[in-house]
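Going line by line, the protein sequences match chains A and B. According to the working numbering, the stretch in the first sequence is residues 1 to 162, in order. According to the working numbering, the stretch in the second sequence is residues 1001 to 1388, in order.
No wet-lab data here; the hints were simulated from the structure. Every value quoted in this text rests on a predicted model; they were computed, and no experiment measured them. Beta carbons are placed, not taken as given, at the ideal position from N, Cα and C, and that holds for glycine. Keep in mind that a hint or two might mislead.
To be verified - Within a straight-line C-alpha distance of at most 25 Å, the following computed SDA-like cross-link-like pairs (lysine to any residue) qualify:
1) B:1091 <-> A:102
2) A:62 <-> B:1119
3) B:1075 <-> A:6
4) B:1013 <-> B:1130
Said to hold, decoys possible - Just a sample of chain A residues kept apart from chain B, beta carbon distances all over 12 Å, derived:
5) 37
6) 39
7) 51
8) 53
9) 55
10) 57
11) 68
12) 158
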Amino acid sequence: MTNILCFSRNRCTSVEQMDENNIKSVCRLQDTLTEAFVEIIVKLPDLEIISANCEFTRSVYKNYFNAQKSLQKLLGIRIGAGVLKIIKGLVGEDINCPELIYMTEEVCHAVILSFTKDTLDKAPLTDSKEFYQKMVKDNTRLYNRCAAFAPGSSLVEGLDPP
Amino acid sequence: MLKFCRNKLISIKKEDNDILSVHGVLDDHIYGLTLNVKISISKLEILSVNGKWNRWTTPECPRAELFLKEAAGYKIDEEITQKIKKNIGNKSCRHFANLLIDCCFSAKEAALLIKWEQAKKENPDLSIEEFFQQSLQDNSPSSQTTKDDIKIKKIEAKVEVKTSDKIETNACFDKNEIKGFIVDLHVHTSPLSPCSFASVDEMIIQAKKIGLDGICLTEHNHLWDEDEINNLRQKHGFNVLCGNEITTDQGDMLVFGFNKDIKGIISLEELKKQVEKSNGFIIAAHPFRGFLTFNVNDLGLTPGKAANRTLFKYVDALEVLNGKVTEKENGFTLQVAKILKLPISGGSDAHEVFEIGKYATCFSEPVTNNDELVTALRNGKFSPVIFK
Chain A
1 MTNILCFSRN RCTSVEQMDE NNIKSVCRLQ DTLTEAFVEI IVKLPDLEII SANCEFTRSV
61 YKNYFNAQKS LQKLLGIRIG AGVLKIIKGL VGEDINCPEL IYMTEEVCHA VILSFTKDTL
121 DKAPLTDSKE FYQKMVKDNT RLYNRCAAFA PGSSLVEGLD PP
Chain B
1001 MLKFCRNKLI SIKKEDNDIL SVHGVLDDHI YGLTLNVKIS ISKLEILSVN GKWNRWTTPE
1061 CPRAELFLKE AAGYKIDEEI TQKIKKNIGN KSCRHFANLL IDCCFSAKEA ALLIKWEQAK
1121 KENPDLSIEE FFQQSLQDNS PSSQTTKDDI KIKKIEAKVE VKTSDKIETN ACFDKNEIKG
1181 FIVDLHVHTS PLSPCSFASV DEMIIQAKKI GLDGICLTEH NHLWDEDEIN NLRQKHGFNV
1241 LCGNEITTDQ GDMLVFGFNK DIKGIISLEE LKKQVEKSNG FIIAAHPFRG FLTFNVNDLG
1301 LTPGKAANRT LFKYVDALEV LNGKVTEKEN GFTLQVAKIL KLPISGGSDA HEVFEIGKYA
1361 TCFSEPVTNN DELVTALRNG KFSPVIFK
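The shape of chain B in the complex, shown without the other chains:
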C-alpha cells in the first residue's frame, strides 16, 4: 500500500519572444498548491510569481501566498536552489519553494530548447544532444561543489554496546550549579555559513552582552584564518575561538585543532584519521536531530539501538545540548552518551543573534586561544550548560 504520493505537473508556454509562462501544480497526500511564474528567456530571471493553495494544513498556511512575490528578480543560476529554499522556503512555505525550484529547472530546460531551435536555423547539423551537453558543461555542478581530495570509503566497523531503552529528557545542566569558563561552542555567522543570518560582529556583541566568557565560531566547512580571529579578539576585547563544522557521510561533526579546510563530503572514518594525526578533537553535532513534525523515537529508534551506530566509534564526544533540537532529542543523545561513556558538550548552534548562548560548554579553566581549547577538550575538563 502507498504510504505517501506526490505528483507535480509543470506546463510551459511561450508568452512572447522573451517570456515563458510556467504553470506548476503540486498535489500530494498533505498539500495541494499551484504556481504561475513568468520567466525571461534571455536573462533566465523570474519576472513574477503568484501562488494559490488548494489544500493546506495549519490555519495560518494561507499567509505563505503573500511572500511568493519576493522571488521576482531571482536569476536561475547555480545559486537559485539555495536562494529559494532559504528565502521562499523560510518566509513563505517549503512546499511552494519545492514547486518553484522545479518550475525554474523546467524553465531552464525550456529556454535551452528554444535556444537550440534558434541555433539550428543557423547550423542545421547541430544536434540537440550536442547543444545540451555543452550547456551542462558550462553549468557543471562540480564547479559549484568544491571537490575534496579525500575519497569516501565505506565504513563497516560496528560498535558493540549494552542496551538501554529509556529516554531521559530532564537532564539538568543549570549554569548556577556549574561554575567555570563558559563558551558557546557552536556558532554560525553570515556570510561564511550561508544558512546564518547574523554577522560575526553582531554575534560577538550579543555574546558579550549576555555574559558568556567566549564563543567558538564553527562555520560549515570553512576554516577561519588565525589572524582574522586575533583581529576579532582585539576589536571586541572578547575571547573568540574557532573550530569547524564538517559534513561527513555520517552527519555533521564539530572539529577542533584541525587546520585542513575540508570542502565537500568526507567520510567520518577518514576525517578521524586526519584529525587524530593533528591531535584534534571531534564532537558529533546534534547526532539525533530529528524532523520538524516527528522525532527519531517515533520511528522506533531506542538509545540502545542508536548507540550501535558506526559513527560513535570515530567521535571523541557528543553534543547533548544543541539549541536547534528539541529537549527530547537532546535527552536522547544524553542517553546514548551515557551508554557509550563519551564526554558531553553543549552549544547554541546559533544562526541568528537571539539564539546565541542558549546552551554552552563550561570549562574548568579559562580557554583563551584555540590551543587551550583543544587541550581542555582532550583533557575532558568540560561539561554542557544551559546558559539562558
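So that you can see chain A by itself, here it is in the shape it has in the complex:
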C-alpha cells in the first residue's frame, strides 16, 4: 500500500481591517485541480458588500474563468442572517460554478467570525462557563444550535427552551 496523496487542498481565508469603515476578506484556494481567489470589501456598519473580485488562474472547468462577472451581482448585498441563501441564488443563477459559491460563502463567513472573535476575546481564560451561560441566555438563538448549547450541556442548565 502506498501513502502517496491523490488529492491535496489548501484553503486560506483572511480578514483585514482596511480602515475604520472597510473590511477586506479574501479566500485563496490551491488544490490539485484549482487555483483561485475571491475577495470582497465590506463597509461598516451595514456589512454591505461594496467590491467583489475573483480570479480562477487554474481549473479543469472552462466556465470558471468567467466567474468575475457573476460576482458583481453581490454588490449592495449585506452580510447578515440569510446571506448564504442570497449568494446561492444570485451567483448560482447564471454560472455553474459551485466552487465560486463556496468561496464566496467562506469570505462572508470569515467576516462574521472576525467579529465573533472580538466577542469571544472577552471570555475569561479560566472558569468561562458563566460567560457562555450568559451568552446563550442573552441570545436564545444559540440554544440547541450545537452540541455545546444543546439540552444536557451544563451551559443551558436551568434554561427553558426559547
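Fit chain B to the supplied structure of chain A, relying on the hints for placement.
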C-alpha cells in the same frame, strides 16, 4: 493587520480500490480541529467520520465529537451541504460541519480524478477538461436552484429619514392589554420549509392547545395550495391561513395576498411591483436579525442610520416581534419602525413545535381566510403581541 485567518488543509489518499481516506485540518484564530473521513469512491458515500478538537471555546464543545459519526451513510450529492449543515452543524458543531463539507467536495474531485484516470485507459484522447466539464453539467447547480424568470435589478433609491440613535428594548405588547383575534403570523413547517423540524399537523395541534386564534403558514419560497389550506382548516377545526416568506436581495420578506410561487432570489424592488399589482402586503421579516455572538449595534449601526436602508422604501410593515431574534434586535427594529412610521407585526418564526406562539399579531376583527387577512393588514388594524 489581519483581523481573522482560517486555514484548511485537506489530504486524500486511496486506501483501496473503493475507499478514499480523507484527512482534514481546520485551524483559525478561534478553533483548531481535525477530521478523518472514509468515503466510498463508487457510491460517493461517507463510510465513517471521526473528529478531534485541538482548540475550542466553551467548556462543552468536546461534546461535538460524539455526534460526528451520524454523517456515516450520507451520499455526496446535491443535498450534502444542506444535510451536513442541518444535522452535523446543529447537533455537533458548525465548524466541524464546515470542514466536513470541504472534505466531501475534495473527495468528490479526487474520485473524479481517479475515474478520469481509469477512463483514459480506454480512451487515451479523453482530456481532463472534457471529463470534468461533463461531470459538472451532470451536477449543474442550476438544476438544484430553481431559476425565477425575474431578473435582479440594482436598487438605487434612498429613503430620507430623521435620525434617532436610542435603542428601545422594553417595548410592551402584553396580550392581556391587547384584545382581539390573535394569529401567529410567521410559521414554518416540515418538509416544505427544509429548515423546519415540525409537521403542519403538529404545529396546528400545538397552536390550538396554547389558545391561539389562528396560524399563518409562511414557508420559505413555497406557496400553499388553497385547497390544502381548506383541508387543514376542516381537519383541525382551526383557522389556518397562509402567506409566503420570500428571500430577496434585501433579506426575507413575509408576503400576503400574492399567489405567484417565487423561486430563487428576487429583487425587493421587483417583488414590490408585483405584490402591489395583486394588492398584496409585504412585511420585512426580522430585518435586523444579527449574529450568534454579537448584535448589529456592536458594528456601530444605529436606528437612525439603519432606517436609511433602501429596503424600507419597498415594505408595508416591519416585524418587530420575531421569536428567533434577541430582545435587543426586536427593540432595534421597533425603533426603526417608529422613525419610519411603519405598521408593526409579530410572529414566532417557529421551526419547532415548542416555538409556536411566542409572539403573534393581534387583529381587531376575526380573520378567517386569506382575503380577510390581507384586508386587515392593508387597513392597518393589527399590532404585535407577546403571546407566551
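Tested hints:
no., hint, in the structure
1, B:1091 <-> A:102, "holds, 22 Å"
2, A:62 <-> B:1119, "holds, 20 Å"
3, B:1075 <-> A:6, "holds, 21 Å"
4, B:1013 <-> B:1130, "holds, 24 Å"
5, 37, "holds, 14 Å"
6, 39, "holds, 14 Å"
7, 51, "holds, 14 Å"
8, 53, "holds, 18 Å"
9, 55, "holds, 18 Å"
10, 57, "holds, 15 Å"
11, 68, "holds, 17 Å"
12, 158, "holds, 14 Å"
Figure legend: structure checked against the earlier numbered hints; every hint is met.
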